[in-house]
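Participant: Produce the complete structure using the sequences and hints provided.
There are 2 protein chains.
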Amino acid sequence: MMNAKPALYTCLSPSLLHLYDVSKSIVVVIDVLRATSTIATALYNGARCVIPVDSVSRCIELGKQIDGITAGERDGKVAEGLEYGNSSFEYPKEFISNKTLVLTTTNGTRLLHMALEKGASEIITGSFPNLSAICNHLIEQNRPVILGCAAWKDRINIEDTLFAGAVISRIKDQFSLNCDASHIAETLYHEAKHDLFEFMKKNDASHYHRLMDFGLEDDIRYCLTPDVANILPEYLDGKLVVKREITQQKNR
Amino acid sequence: MMNAKPALYTCLSPSLLHLYDVSKSIVVVIDVLRATSTIATALYNGARCVIPVDSVSRCIELGKQIDGITAGERDGKVAEGLEYGNSSFEYPKEFISNKTLVLTTTNGTRLLHMALEKGASEIITGSFPNLSAICNHLIEQNRPVILGCAAWKDRINIEDTLFAGAVISRIKDQFSLNCDASHIAETLYHEAKHDLFEFMKKNDASHYHRLMDFGLEDDIRYCLTPDVANILPEYLDGKLVVKREITQQKNR
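First to last, the protein sequences are chains A and B. Under my numbering, the first sequence has 230 at position 239, and the numbering climbs by one with no breaks. Under my numbering, the second sequence has 233 at position 242, and the numbering climbs by one with no breaks.
Be careful, since some hints might not be right.
Treat identical chains as interchangeable: a pair holds within one or across any two.
Below, in silico cross-link-like pairs of lysine-lysine (BS3-like), each with a Cα-Cα straight-line distance of 30 angstroms or less [to be verified]: (1) K109 x K163; (2) K84 x K15; (3) K109 x K144; (4) K15 x K144; (5) K144 x K(-4).
Derived by calculation from the structure, the hints in this document are not laboratory data.
Facilitator: This is the structure:
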């Protein structure tokens, strides 16, 4: 077939990642509530980089070594020994600009490391705040894509599935979708898109509940808002940095 | 809490089964296209039992030992050495009544054996042809439930997810649904229910394609039709048999 479109797959849980050919793909790590939303926001507001780590102890250790800001939550509170939490609102420009954020998250960091081990050709992080940057980049690259949902302790969640659906609804014409999970995600997004927050509430999304119980409605609403931190975070040498597109020229 | 409702979880792929507490649950094995539809039909039409096996060689061996009918397909054709295929239409009453069917399937049999190994308190098989029997039984039992989708080589598929959604839409008031996958399945079913076949077609379901390429549209339509073989298959001592409810008395 001439000019075959690249494949797009949606992986709804890290437990399913072994089913996909990660090594030839761009992997989009999706952890909507709240890791990848916070990453986009911190970088958008001028952070030099965000270093994702998988434990509080590693976060403290690294924070000291490089004089970075340590951040992360466990059970909805700033984890003991860290300075800041997982909320995007904690990282305005005047605070985070030119600083390094060492962020400990569980689900998102784990998936990111899995994609790295499996030799992903590129790893970027996606969330509603940087939806358009992700979509534009994927169309521009014209390479195979895996939308990787971080989920919650491997359990499929609504918010990451919705984000995958949002991406698919925008870029599907440029890709080959031989993947039922992608169609499920797009259908879900189609049902939800007029009011994502209301959809999460109505469907009793488990993480929605968890965060609402901590009084984080504004955080959830922010994390469901498209393009308010519209940059492209790429994982390079252990750090998430803003990817600068070398050229806008299309090789097509 | 008094009279707490039992939990219902939806497991969209066998690769996710380890996340759920199988040992205390009724597991509904779902393999809509076509294993569990065929199982319901053969039993509804009077088969003494259906013995699911995971390989063609085991199917041939067992068929000889017990003088059973051997059936199964590989790549859409009757597998070499077997007598019949996976189509419900091959098992009318006048043929299958009082016979034993030895059926080799890949995805459904594997999930069934996984549920058995993990000590499920009861294993039953579900499909649209026996939708009401499943729903009535689950409500009657009032115990924890896992809707287990057989998927396709561990990849989530639309048809099994739709069936899980159909069950959830009917019984959700009697269960506690702290499970995003259940809400996703129900939303999908809600979108599809007016014409399941058309939804499969529109969404390019991968297994729909596979079967349509073999000219099996009637088979697909049958497998999406509720209650045309409305019995309850239970897995007992290596065989699927019609479960006879001992009593209709409700312990509530």
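Participant: Hint by hint, say whether it matches the structure.
Facilitator: Right, here's what the structure says about each hint:
1. K109 x K163: Cα proximity of K109 and K163: one copy only (25 angstroms, versus 39 angstroms across).
2. K84 x K15: So K84 and K15 fail the 30 angstroms test inside a copy (36 angstroms) and across (51 angstroms) alike.
3. K109 x K144: both (19 angstroms within a copy, 20 angstroms between copies)
4. K15 x K144: Answer is both; intra-copy 26 angstroms and inter-copy 21 angstroms each pass.
5. K144 x K(-4): between (33 angstroms within a copy, 24 angstroms between copies)
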